[in-house]
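Work out the full structure: start from the sequences and follow the hints.
Number of protein chains: 2
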Amino acid sequence: MIDLRIPKHIGVIPDGNRRWAVENGLTKEKGYEKGLDPGLELFKLCEKAGIEEITYYGFTVDNTKRPRFQRLAFSEACIDAVKMLSKENASLLVVGNTESPMFPIELMPYAIRRQSFGDGGIKVNFLVNYGWQWDLKNYFLDENKKQNPLDLIYSRDISRVDLIIRWGGRRRLSGFLPLQSVYSDFYVINDYWPDFKKEHFYNALEWYDRQDITLGG
Amino acid sequence: MIDLRIPKHIGVIPDGNRRWAVENGLTKEKGYEKGLDPGLELFKLCEKAGIEEITYYGFTVDNTKRPRFQRLAFSEACIDAVKMLSKENASLLVVGNTESPMFPIELMPYAIRRQSFGDGGIKVNFLVNYGWQWDLKNYFLDENKKQNPLDLIYSRDISRVDLIIRWGGRRRLSGFLPLQSVYSDFYVINDYWPDFKKEHFYNALEWYDRQDITLGG
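Quick note, the sequences are listed as chains A and B, same order.
End of the first sequence sits at 1328 in the numbering used here; the numbers just go up one at a time, nothing left out.
End of the second sequence sits at 1328 in the numbering used here; the numbers just go up one at a time, nothing left out.
Keep in mind the hints are simulated off the structure, nothing from the lab.
As the structure is a prediction and not an experimental result, all values here were calculated from the model.
Note that beta-carbon positions come from the ideal geometry of N, C-alpha and C, so glycine has one too.
Each hint should be verified, as a subset may be incorrect.
[As the list claims (entries may be wrong)] Derived, one-sided and incomplete: chain B residues facing chain A with beta-carbon distance under 7 Å:
| # | residue |
| --- | --- |
| 1 | Asp1173 |
| 2 | Lys1176 |
| 3 | Trp1243 |
| 4 | Leu1247 |
| 5 | Leu1263 |
| 6 | Arg1282 |
| 7 | Arg1283 |
| 8 | Ser1285 |
| 9 | Pro1289 |
[What the hints assert, rightly or not] With a straight-line Cα cutoff of 27 Å, these simulated BS3-like cross-link-like pairs (lysine-lysine) come out:
| # | chain 1 | residue 1 | chain 2 | residue 2 |
| --- | --- | --- | --- | --- |
| 10 | B | Lys1248 | A | Lys1248 |
| 11 | B | Lys1309 | B | Lys1155 |
| 12 | B | Lys1139 | B | Lys1248 |
| 13 | A | Lys1155 | A | Lys1308 |
| 14 | A | Lys1176 | B | Lys1176 |
| 15 | A | Lys1234 | A | Lys1194 |
| 16 | A | Lys1155 | A | Lys1194 |
| 17 | B | Lys1176 | A | Lys1119 |
| 18 | A | Lys1119 | A | Lys1198 |
This is the structure in structure tokens:
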């Protein structure tokens, strides 16, 4: 570990909860709570590795069109995850459309970044009721387009992502922070998120270490 | 082939020209011209497969910071590629910052979509001196925030991309059409672009056929 070039900011797409549930004889919405422990374990591994910022993809505006049972289950899992992370040494921020009824009111206090516990620690961003189109709306209304687009979007407190890790085998961004992801290296793990293993994370870091970083140059 | 679900629009990131040149004992800038034949071959395969739109990643504003020899070589290769495609049955459009001196004047006539030859054929977009930040600086500012961001950007004539194929092994978008790519499936080929084989394309189509398409839902 000590010799690896560590990404500053990793994006986490914890996909495959529903497929995991079905393959384990459960109904789809039962998969989400199984994602809580992996989320905390990954946080601790990032802390240990010296990563400075993590962004978890909670749920999106697109996702809220799913059946009500599923929506309630993934909202609940996000609330629990944020509460769990709020007990860690982290600087926590929930980013998403707080003006919609789909945004869980329990998470309102986290829509402003706060030192949750301890002395600051890792920046942790949690996308909740996030939508890429929502994220860009503010930008398209601004008169001054000379500014960096990254300073004008709703998610402007989230920095450029170095490495995106997606569980569940799909090779796509699914609307995850389009502007912060333009140069991100993208690592896909076939296992479902509830089957998280620390080797997934270490393999991703080893792979990232072998990539050249050009930022489009 | 006949049973595959064919993507409507594929994005092509033809990477690895310089690495190919170096591995073949040439100087880096010699790699670009070797990308011309693959470009035409891929176009013909797309035509045959019934693909409706192709976007080639030519060069970017970021790329123009490279050494002058390389810049001249990749500009020349893009000019040749567009001229070559203009002889095919295609509806051709070059998209990029035409107001910068880095934009090859030879390609100005293609900055407006034209039926190049034949009865229309495939929509072919060629990104030349393209920049994702440039793309987002829309010249008409729209007051109606309900409008789709995709209708406001410079590249608005380019539709959502279904499948992005990248040659050269890197797993990142490198600034390729960030808004059209939010839901794209992303297929990476380890071979360099000058080593293009038709099997690459067929493997990508077979892989795409096995993906579920949710558009973030």
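Checked hints:
1. Asp1173: Interface hint status for Asp1173(B): holds (3 Å vs cutoff 7 Å).
2. Lys1176: holds, 6 Å
3. Trp1243: Holds, because the Cβ-Cβ distance from Trp1243(B) to chain A comes to roughly 5 Å (cut-off 7 Å).
4. Leu1247: holds, 5 Å
5. Leu1263: holds, 6 Å
6. Arg1282: holds, 5 Å
7. Arg1283: Nearest chain A Cβ about 5 Å off; hint holds.
8. Ser1285: Because about 5 Å separates Ser1285(B) from the closest Cβ in chain A, which is inside the 7 Å limit, the hint holds.
9. Pro1289: At about 4 Å, which falls below the 7 Å cut-off, the nearest Cβ of chain A leaves the hint on Pro1289(B) intact, so it holds.
10. Lys1248(B) / Lys1248(A): holds, 13 Å
11. Lys1309(B) / Lys1155(B): Holds: Lys1309(B) and Lys1155(B) sit about 10 Å apart, inside 27 Å.
12. Lys1139(B) / Lys1248(B): violated, 33 Å
13. Lys1155(A) / Lys1308(A): holds, 13 Å
14. Lys1176(A) / Lys1176(B): Violated, at roughly 44 Å.
15. Lys1234(A) / Lys1194(A): holds, 15 Å
16. Lys1155(A) / Lys1194(A): holds, 15 Å
17. Lys1176(B) / Lys1119(A): Roughly 25 Å between the alpha carbons, so the hint for Lys1176(B) and Lys1119(A) holds.
18. Lys1119(A) / Lys1198(A): holds, 22 Å
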